[in-house]
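Participant: Below, each chain spelled out in residue letters.
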Amino acid sequence: MILGGILKLASSALGAQSTRIRVISENIANSDSVYSDGKTPYRRKVTTFEAVFDRKAAIEQVRVRQINRDPSDPVRRYEPSHPRADAAGYVQYPNVQPLVEMADLRDAERSYRANVQVIETAKRLFRNALDIMRA
Amino acid sequence: MNNTSLLLTKAMRWLGQRGGLVASNVARADIPGAQARDFEQSFAEAIRDPKPGRLPSSVTDARHILPRPAGAGRVHDEKNVINISRNQISIEDEMMKLADIGAQHQMVANIYRKNAGLLRLMVRGR
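Residue numbers (the working numbering), protein chains in the order written: chain A, 773 to 907; chain B, 1409 to 1534.
Honestly, the hints are just simulated from the structure, not real lab data. This one's a predicted model, so the numbers in the text were calculated from it and none came from an experiment. Among the hints, a few may not be true.
To be verified - Pairs of lysine to aspartate or glutamate, DMTMM-like flavour, derived with a Cα cap of 20 Å: (1) A:LYS817 x A:ASP845; (2) A:LYS895 x B:ASP1508; (3) A:LYS817 x A:GLU798; (4) A:LYS817 x A:GLU851; (5) B:LYS1522 x A:ASP903; (6) A:LYS811 x A:ASP842; (7) B:LYS1418 x B:ASP1446; (8) A:LYS780 x A:GLU822; (9) B:LYS1505 x A:GLU892; (10) A:LYS817 x A:GLU881; (11) A:LYS811 x A:GLU851; (12) B:LYS1418 x A:ASP903.
What the hints assert, rightly or not - Some chain B residues near chain A, calculated using beta-carbon distances under 10 Å: (13) ALA1431; (14) VAL1434; (15) ARG1436; (16) ALA1452; (17) ILE1455; (18) MET1503; (19) HIS1513; (20) ASN1518; (21) TYR1520.
Idealized CB from N, CA, C, for every residue including glycine.
Next up, chain B with everything else stripped away, as it sits in the complex (with noise of 0.2 Å):
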C-alpha cells in the first residue's frame, strides 16, 4: 500500500470515529447536563502530532490538507450553548459536523477510488 492510500485510509477512519462522536451526540441531545463532544484536533493536526513512538504519516505537498480550526486524537467536550433540555449539545451544530463528515467521506473515498485508478493505469500502461 502506497503513502497516499495509508493516508487517505486513516482520513477514512478518522472521519468514521468523528461521526460515531457526532452521533452520540445527536443520541444524547435530549439528556440533562449532556455535553458536546469532539475531537481536539482536525485530522491534519492529528497526523502532524502523532502519538509518541509512532512515526508522522508524510504528506507530500503541504498544500494537500490545510488546517482547519475545530476538530483528532483526544476527545474533549465542547461548552458553548445551553439548550431547553439543560444541557450544551446544539443539534444544529452537530447536523453541520454531520454534513461536513459526509461531504469528506465522499470527497476522500474519490481520491481512493482515482488513485487506486492511477495504479491501474500505471500496471496496465493504458
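Excised from the complex, chain A in its bound form (with noise of 0.2 Å):
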C-alpha cells in the first residue's frame, strides 16, 4: 500500500469515529428529553461500523454502516408532578446512561487519536524518503 492509500484509510476512519462522537453528543444532549416524536421519549442512538473493500484505491476503508436505536427500555422515573407523568405518576426517561455516553466517547477520542497517529507516521516516512533526495 502507497502512503497516500495509508491517508486515505486513516482519514476514512477519522470520518467514521468523528460521526460515532457526533451520535455519543446527541445522545448526551438528549438525556432528558421526554418528547421524541410527540408520544415516546428519545431512544439512545449506537452507530455501527463496516470495512468497505476500495476496489480504486486498493484498500479497505471503513464507513459507517448504521445508526440504530437502542431498543431497550425508557427509564422510568417518578414524578407525579410532571407534566408527562401517566396515571400512575411515572415519567418515561430516555434510555440514556451518561456513564455509558462518555465511556464511549472516550474509546471514540482514542480511536480518533490513533488514526490522526497513523497520519502522522504516514507523513514522516513521506518525509524520510524525500529526504533521501536532498543528501
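With the hints as a guide, dock the two chains, each given alone in a separate frame, to form the complex.
Facilitator: Okay, here's the thing in C-alpha cells:
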C-alpha cells in the first residue's frame, strides 16, 4: 500500500469516528428529552462501522454502516407532578446512561487519536523518503 | 544500483506495506469481529525465503539484519486479544508497531543517505 493509501484509509476512519462522536453527543444532549416523536421519549442511538474494500484505491476503508436505535426500555421515574406523568405518576425518560456515553466517547476519542497518529507516521515516512533526495 | 541500495529500497517498501497493514488495523479497531493483520515473516526472513522463481537478495554480512520474531510476504490474522469492541485488535499493540515502523524507516533512510554519500565520495574522491 502506498502512503497515499494510508492517508485515505486513516481519513475514512477519522470520518467514521467523528460521526460516532456526533451521535454520542446527540445522546448526551437528549438524555432528558421526554418527548421525541410526540409520544415516546428519545431513544439512544448506536453507531456501527463496516470495512469496505475500495477497488480503485485498493484499500479497505471504514465507513458508518448504520445508526440504530437502542431497543432497551426507557427509564421510569416517579414524578407525579411532571406534565408527562402517567396515571400512576411515572415519567418515561430516555434510555441514555451518561456513564456509558462518556465511556463510549472516550473510546471514540482514543480511536480518533490513534488514526491521527497513523497519519502523522505516514507523513514522517514520506518525509524520510523525500529527505533521501536532498542528501 | 548496488546491492545495498536495492536491499534498502526493498526494506523501505516493506516498511511502507507493513505501515499500511497497521493503518488498516487501527482503522478497523471498532468493527466487531475484525482481526489484526500483520506479515507472517520479518523482513530478514522474507529476503531469505523468496517467492519461487525469484532470487534472494544478498546480505553482505549475516549480522547486518537480525531475525525478528514477528513480522513479510504472506499476511495472517493475529488472534491474541479480545476487547470492548468484540474484536481482536489492540490499539496499544498497533501503536507500538507504528512507532517501530517509523524508527526502522528513519534508520533505513539514514543508511541509504550514508550509502549515497559514500558512493559520491568514491566518484568525487573527496
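Participant: Could you run down the list of hints and mark each one as holding or not?
Facilitator: Evaluated hints:
Distance restraint check for A:LYS817 and A:ASP845: the Cα-Cα separation of roughly 13 Å lies within the 20 Å cut-off, and the hinted pair is therefore satisfied. With a CA separation close to 15 Å, the supplied pair A:LYS895 and B:ASP1508 stays within the 20 Å bound. Between A:LYS817 and A:GLU798 the alpha-carbon distance is near 8 Å, which keeps this suggested pair within the 20 Å criterion. Between A:LYS817 and A:GLU851 the CA atoms are separated by roughly 25 Å; this puts the pair beyond 20 Å, and the hint is violated.
With a CA separation close to 12 Å, the supplied pair B:LYS1522 and A:ASP903 stays within the 20 Å bound. The hinted pair formed by A:LYS811 and A:ASP842 meets the criterion: a straight-line CA distance of about 17 Å does not exceed 20 Å. A threshold of 20 Å between alpha carbons decides the hint, and for B:LYS1418 with B:ASP1446 the separation of about 17 Å falls inside it, so the pair holds. This hinted pair checks out: A:LYS780 and A:GLU822 have alpha carbons roughly 16 Å apart, not beyond 20 Å.
The suggested pairing of B:LYS1505 with A:GLU892 holds, with an alpha-carbon distance near 14 Å, which does not exceed 20 Å. In summary, the hint linking A:LYS817 to A:GLU881 is supported, as the alpha carbons are separated by about 18 Å, within the 20 Å threshold. For a cut-off of 20 Å, the pair hint linking A:LYS811 to A:GLU851 stands: about 18 Å separates their Cα positions. In summary, the hint linking B:LYS1418 to A:ASP903 is supported, as the alpha carbons are separated by about 17 Å, within the 20 Å threshold.
Checking B:ALA1431 against chain A by beta carbon gives a least distance of about 4 Å; that is within 10 Å, so the hint holds. This hint holds: B:VAL1434 has a C-beta 5 Å from the nearest C-beta of chain A, less than the 10 Å allowed. Taking 10 Å as the C-beta cut-off, the interface hint given for B:ARG1436 holds, the closest approach to chain A being about 5 Å. Below 10 Å, beta-carbon pairs count as interface contacts, and B:ALA1452 has none with chain A, the closest being about 20 Å; its hint is therefore violated.
Checking B:ILE1455 against chain A: minimum C-beta separation of about 20 Å lies over 10 Å; hint violated. The interface hint given for B:MET1503 holds, since its Cβ lies 6 Å from the closest Cβ of chain A, which is under the 10 Å cut-off. Given the 10 Å rule on beta carbons, the hint for B:HIS1513 holds: about 5 Å separates it from the nearest Cβ of chain A. The interface hint given for B:ASN1518 is met, as the beta carbon of that residue sits about 8 Å from the closest beta carbon of chain A, less than 10 Å.
About 5 Å separates the beta-carbon of B:TYR1520 from the nearest beta-carbon of chain A, less than 10 Å, and the hint is met.
Going down the numbered hints, you'll see the structure goes against 4, 16 and 17, while the others check out.
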